[in-house]
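Student: The residues making up each chain are set out below.
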Amino acid sequence: MYFGILIPLATLATVGRIFALIGLSVVTGWLLAYLCIKSRGFENVYVPLVNVLESIPVIGFLPLVLVAFVLSIPGAIGVEAAVDFLVFDAVSWNIWIGAYQAFKTVPEHLLEVSENYNFGFLRRMRYLLIPHSVPRLTSNLFASFADAFFYISVSEVFTAGAATASVCKGGVCSTFGIGTLISRYIVEGNYVGVVYSLISVGVAVVLVTLSLSWLSRWAVAKYGVDTPSVIKRHAGRWRGRIPQPWRRWRALRGQAVGFSRYAWRMRAYWHSHQRPGNHLDHGNLAKYVGYAILACVLGYLVYSSLMLVISVPEGTWYVFLQETPKLLTYVGADYLRVSVITLASLGFAIFVGYFLASHHRIGDALLPPLQAFAAFPAPTYFPLLFIATIPFIERALPFFYTEVYIFILGFLSCFYYVFFDFWIGVQAIPSEFLDVVRNHEVPFWAKMRRVILPASLPYLITGLSSTINSAWAGMAIGEYWPDIAPKVAPGGLQAPFGMMYYITYNMANGAIGPAAYVSLLFAVVVAIYGVVFTRNLMDLARKKYVIEEGIFAA
Amino acid sequence: MEFIGKAYMTYRLSRWMPVSSRLSMNLVTGQASPAHSGAEVSCEGLGFAYGSRFIFKDVSLAAFNDELIAIIGPTGTGKSTLLRALAHLIPPTTGRVLLEGKEVTKPSPAIALIHQSIATFPWMTALDNVRLALICKGVTKEEATETSEKMLDLVGLKGEEADYPKEMSGGMRQRIAIARALAASPAVLLMDEPFVHLDELTADGLRKEIYSLVFNPETSLRAAVLVSHNLHEVIQLADRVYVMKGSPAVITDEVKIDLRRPRTERDPRFLDYLDQFFNELSVKPTKV
Numbered sequence: 001m002y003f004g005i006l007i008p009l010a011t012l013a014t015v016g017r018i019f020a021l022i023g024l025s026v027v028t029g030w031l032l033a034y035l036c037i038k039s040r041g042f043e044n045v046y047v048p049l050v051n052v053l054e055s056i057p058v059i060g061f062l063p064l065v066l067v068a069f070v071l072s073i074p075g076a077i078g079v080e081a082a083v084d085f086l087v088f089d090a091v092s093w094n095i096w097i098g099a100y101q102a103f104k105t106v107p108e109h110l111l112e113v114s115e116n117y118n119f120g121f122l123r124r125m126r127y128l129l130i131p132h133s134v135p136r137l138t139s140n141l142f143a144s145f146a147d148a149f150f151y152i153s154v155s156e157v158f159t160a161g162a163a164t165a166s167v168c169k170g171g172v173c174s175t176f177g178i179g180t181l182i183s184r185y186i187v188e189g190n191y192v193g194v195v196y197s198l199i200s201v202g203v204a205v206v207l208v209t210l211s212l213s214w215l216s217r218w219a220v221a222k223y224g225v226d227t228p229s230v231i232k233r234h235a236g237r238w239r240g241r242i243p244q245p246w247r248r249w250r251a252l253r254g255q256a257v258g259f260s261r262y263a264w265r266m267r268a269y270w271h272s273h274q275r276p277g278n279h280l281d282h283g284n285l286a287k288y289v290g291y292a293i294l295a296c297v298l299g300y301l302v303y304s305s306l307m308l309v310i311s312v313p314e315g316t317w318y319v320f321l322q323e324t325p326k327l328l329t330y331v332g333a334d335y336l337r338v339s340v341i342t343l344a345s346l347g348f349a350i351f352v353g354y355f356l357a358s359h360h361r362i363g364d365a366l367l368p369p370l371q372a373f374a375a376f377p378a379p380t381y382f383p384l385l386f387i388a389t390i391p392f393i394e395r396a397l398p399f400f401y402t403e404v405y406i407f408i409l410g411f412l413s414c415f416y417y418v419f420f421d422f423w424i425g426v427q428a429i430p431s432e433f434l435d436v437v438r439n440h441e442v443p444f445w446a447k448m449r450r451v452i453l454p455a456s457l458p459y460l461i462t463g464l465s466s467t468i469n470s471a472w473a474g475m476a477i478g479e480y481w482p483d484i485a486p487k488v489a490p491g492g493l494q495a496p497f498g499m500m501y502y503i504t505y506n507m508a509n510g511a512i513g514p515a516a517y518v519s520l521l522f523a524v525v526v527a528i529y530g531v532v533f534t535r536n537l538m539d540l541a542r543k544k545y546v547i548e549e550g551i552f553a554a
Numbered sequence: 001m002e003f004i005g006k007a008y009m010t011y012r013l014s015r016w017m018p019v020s021s022r023l024s025m026n027l028v029t030g031q032a033s034p035a036h037s038g039a040e041v042s043c044e045g046l047g048f049a050y051g052s053r054f055i056f057k058d059v060s061l062a063a064f065n066d067e068l069i070a071i072i073g074p075t076g077t078g079k080s081t082l083l084r085a086l087a088h089l090i091p092p093t094t095g096r097v098l099l100e101g102k103e104v105t106k107p108s109p110a111i112a113l114i115h116q117s118i119a120t121f122p123w124m125t126a127l128d129n130v131r132l133a134l135i136c137k138g139v140t141k142e143e144a145t146e147t148s149e150k151m152l153d154l155v156g157l158k159g160e161e162a163d164y165p166k167e168m169s170g171g172m173r174q175r176i177a178i179a180r181a182l183a184a185s186p187a188v189l190l191m192d193e194p195f196v197h198l199d200e201l202t203a204d205g206l207r208k209e210i211y212s213l214v215f216n217p218e219t220s221l222r223a224a225v226l227v228s229h230n231l232h233e234v235i236q237l238a239d240r241v242y243v244m245k246g247s248p249a250v251i252t253d254e255v256k257i258d259l260r261r262p263r264t265e266r267d268p269r270f271l272d273y274l275d276q277f278f279n280e281l282s283v284k285p286t287k288v
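Read top to bottom, the protein sequences are chains A and B.
Throughout the first sequence, residue numbering follows the numbering used here, covering 1 to 554 in sequence.
Throughout the second sequence, residue numbering follows the numbering used here, covering 1 to 288 in sequence.
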């Protein structure tokens, strides 16, 4: 069957699902961003809310939402809605913030032109706001696509236990897509089917990466403000239209640097234009709509929280509170795992990333495959890796092998965020600074400590934040994967303890309450961490460590 | 074998080198040509190409002890690239650079470059920016601080050591860059349009100071190379001027500025030099 049309169709279904949801995120992002520039009140709630929600790993609380969808919407539509919601949640924050920042950084003279000609909502969107947001959004598409592919590969099929047994067969909900197909082949022990599916995913990833690369270059060239890129108005000679793969690969590097510079120009512009004047003052309708949506969202949040608290019996709350210290140690254990994974990713990023950034030829050769590998969802090929290595690893580390696999899956799921961000950060260091370092023969460690790391700090923080968020997702899969390889390891992969293990184990066994409670604890911890640590560090980086500010050109 | 190799290289280079360049170097012996002997810094048959396209080629020039030379030319002739090649921040495609008669094969603090864009590290104070140049020297922290303070004093930034570049004006930032370059005790200073981003008053003040600053007995400098579009600036500062133009660019003229210092633009000979350079660099209209 896998020689036939099923695997390509499933791949197409998955890719189609991703792009439909990215499209939905873009459209909603535009509308929400428009409301922000029309309504200060809406903006004041929207931006912090999105920032906090963005920093909460989607996997931590989504199992509950999935079950809620399956139970409230009957049949296959409920499962499809649950899967789509998960992917939408994975991609939307990034795109929403991108659209908002793009709308907020429209050059003032262009805004004045639109006001001068009394542009209404549609014209302003069509001729000014949307075109101005295109480069920013297209440059965000790589990350969104990689995120979406990761989540979709694990969410197309999920175990929801007894709670959903009436809706999904055996409590396992699935929808048509390559993630479901791979999972089915693994359970059946059909490894040839798994390999063909992985090849199909690989082809899709490479094609999408190339397409996004082309799209982004075109977008920056056509819609970017003050960019040196040339707008190509015609295709040129026929021979020139045949893309040579190596040229494509090579182009990715220049494009990444171009984006980073563009993004930073935008950020600099964004910081220097944060003033009330950037709000559009024409018309009150959108302003009132903004306030109305804001009131609805806040009202709903307060109401649903209240109902949730009331609906849980008092005795259950008592049990939860008694369990809290133990659950917090689970959270702590997982934070330890995340720390190890993050440190390993950081080390890889700094040494390999710097090496590739400073050796352009090797970088040109190795980065595109790495980029394609990054977009390739780890959970799809991890079972093969597990099957191939478990006999040796289990024998070598009988008490520790589970941790090794959790680490590997966590690392594969997230290392590339900090790696690519650091690489782009190093590429974006103006050559004048690197000349100074070389000219004065600054030794390697001093160079890293005093120049390279500070210069790339804003990129490093962004990358670390994404890496940490994605590490949680990898661990959520790795800590409880009972059917990873039923024939080779009947018990599967199960961590001895840990928050993600606790959530996924309880979800799989229909114990939604404890899973929901620990998810809530986790969300609170992450929100505090996000506000106190990530934002403060980012503020410091933006205040002090913006290397572009070191170049003076009056 | 080595002799044959060098002889072959000489033959290959001489096929496309102009007569003046061929006379000024001796690739077989590997020594500086007689014309450039005694130069603090010189280059012979220097060329740089992106792929197969040469930006400049056959460039031979020299700066002698206590001499400031200038390179002028139209935009896009590769003057900044030439400076970076002189500092070996980019390896030249052809030819070589000599520092005190010895070939330069890698970037060295002995040849310090000041960029056209004023580059100061925003997270370092003025003092830390200058101290960076001393890290490679193996000096103690106290010595590095002392030298850096001395250099900041020399460029007129005493009392501003703890300030960050973003708290300073463009002129002050440029002084930090100069102090950083001087702190490494270079023998040669390369300056790429050092005043281009400054307002006229600040630039004029720095121009007046730069010559005495560069050749101050407190510094180790023995020669300087200036690249500039500003012909007034060049005539005011330079002892000799190389004119560079064409595509690929070559040195088309070498002019000694025979004016006493301090130089004034009211001097008729100053204006003669100005006319001469203006004429040399102007694009001649062609008859149809």
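Simulated from the structure, these hints should not be mistaken for lab results.
Since the structure is predicted, the reported quantities are computational estimates derived from the model, not experimental observations.
The reader is advised that the hints may include incorrect statements.
[Said to hold, decoys possible] Mimicking SDA-like on lysine to any residue, the simulated pairs with C-alpha atoms at most 20 Å apart in a straight line are:
#, chain 1, residue 1, chain 2, residue 2
1, B, 137, A, 438
2, A, 544, B, 128
3, B, 137, A, 399
Student: Indicate, hint by hint, whether the structure satisfies it.
Tutor: Each hint, compared with the structure:
1. B:137 x A:438: The given pair, whose Cα atoms are some 13 Å apart, holds under the 20 Å limit.
2. A:544 x B:128: Satisfied, since the Cα-Cα distance of roughly 15 Å is no more than 20 Å.
3. B:137 x A:399: violated (51 Å)
Taken one by one, the earlier hints fail for this structure only at number 3.
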